[in-house]
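Residue strings, one per chain:
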Amino acid sequence: AQSVSQHNHHVILSEAASLELGCNYSYGGTVNLFWYVQYPGQHLQLLLKYFSGDPLVKGIKGFEAEFIKSKFSFNLRKPSVQWSDTAEYFCANRGSSNTGKLIFGQGTTLQVKP
Amino acid sequence: GAVVSQHPSRVICKSGTSVKIECRSLDFQATTMFWYRQFPKKSLMLMATSNEGSKATYEQGVEKDKFLINHASLTLSTLTVTSAHPEDSSFYICSAKTAQETQYFGPGTRLLVL
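Chains A and B, in that order, give the protein sequences. For the first sequence, the working numbering gives the first residue as 301, with consecutive numbering after it. For the second sequence, the working numbering gives the first residue as 5, with consecutive numbering after it.
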């Protein structure tokens, strides 16, 4: 079965530190990869997505992610985090689904200390 | 970005009653919507794929007679939790898929069954 794995379950950083959240997917075919963020008490919002083309994808709020096909990875990065980045982050892959359903990772809780 | 709404945002009901949750895509049409449950500190669990004009596709282990899904128009899907029990208490989230294969999420509905 297809799967998405997020290695870091809980990350604590100080403001201005750099961030990298890992995401690996299992499907080796066509991928549609997403990162979503869920701020406390809010709904999931799309940060960025990769379908094809430039493997370095830039999203909103200064986030970016790099698709590395050989490593089946789609890690999320931000050079300098802010307290307001405290949230739950989810990686997802559409994989082979013809309905468009997403397979989500377990999520990573990011806590940024002011 | 695309906007998805859910109603109600919060509902409390007695055990044995039914509850209907609405999911609407406000500024785009969605032939496919999805229903998820989210448990505290957990990722999203896909319950079913809702297809406009046809029967929903349920994930393994999800009772279709308990969680009735209707997708009567291109902007509205409803989830009815029938004969609700306390174990059905959860956070229910819907998403709607755009023609560009991107899912946008609603704000969720908190269901508490007493």
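Accuracy of the hints is not assured; some may be wrong.
[Stated by the list, open to error] Derived EDC-like pairs (lysine to aspartate or glutamate); straight-line CA-CA distance at most 20 Å:
no. : chain 1 : residue 1 : chain 2 : residue 2
1   : A       : Lys401    : B       : Glu56
2   : A       : Lys358    : B       : Glu67
3   : A       : Lys401    : B       : Glu63
4   : B       : Lys46     : A       : Asp385
5   : A       : Lys401    : B       : Glu91
[To be verified] Selected chain A positions facing chain B (in silico; Cβ < 8 Å):
no. : residue
6   : Lys369
7   : Ser373
8   : Arg394
9   : Gly405
10  : Gly407
[What the hints assert, rightly or not] Just the calculated beta-carbon pair ranges, DEER-fashion:
no. : chain 1 : residue 1 : chain 2 : residue 2 : range
11  : A       : Ser318    : B       : Ala76     : 43 to 53 Å
12  : A       : Ser370    : B       : Leu118    : 18 to 28 Å
13  : A       : Gln406    : B       : Ser22     : 38 to 48 Å
14  : B       : Pro111    : A       : Gln411    : 15 to 25 Å
Rather than coming from a laboratory, the hints here were simulated on the basis of the structure. Cβ atoms here follow ideal geometry from the backbone N, Cα and C, with glycine treated the same way.
How the hints compare with the structure:
no.: 1; hint: A:Lys401 x B:Glu56; result: holds, 15 Å
no.: 2; hint: A:Lys358 x B:Glu67; result: violated, 40 Å
no.: 3; hint: A:Lys401 x B:Glu63; result: holds, 11 Å
no.: 4; hint: B:Lys46 x A:Asp385; result: holds, 19 Å
no.: 5; hint: A:Lys401 x B:Glu91; result: violated, 25 Å
no.: 6; hint: Lys369; result: violated, 19 Å
no.: 7; hint: Ser373; result: violated, 18 Å
no.: 8; hint: Arg394; result: holds, 7 Å
no.: 9; hint: Gly405; result: holds, 7 Å
no.: 10; hint: Gly407; result: holds, 5 Å
no.: 11; hint: A:Ser318 x B:Ala76: 43 to 53 Å; result: holds, 48 Å
no.: 12; hint: A:Ser370 x B:Leu118: 18 to 28 Å; result: violated, 53 Å
no.: 13; hint: A:Gln406 x B:Ser22: 38 to 48 Å; result: violated, 32 Å
no.: 14; hint: B:Pro111 x A:Gln411: 15 to 25 Å; result: holds, 23 Å
Violated hints, in rising order: 2, 5, 6, 7, 12, 13; the structure is consistent with all others.
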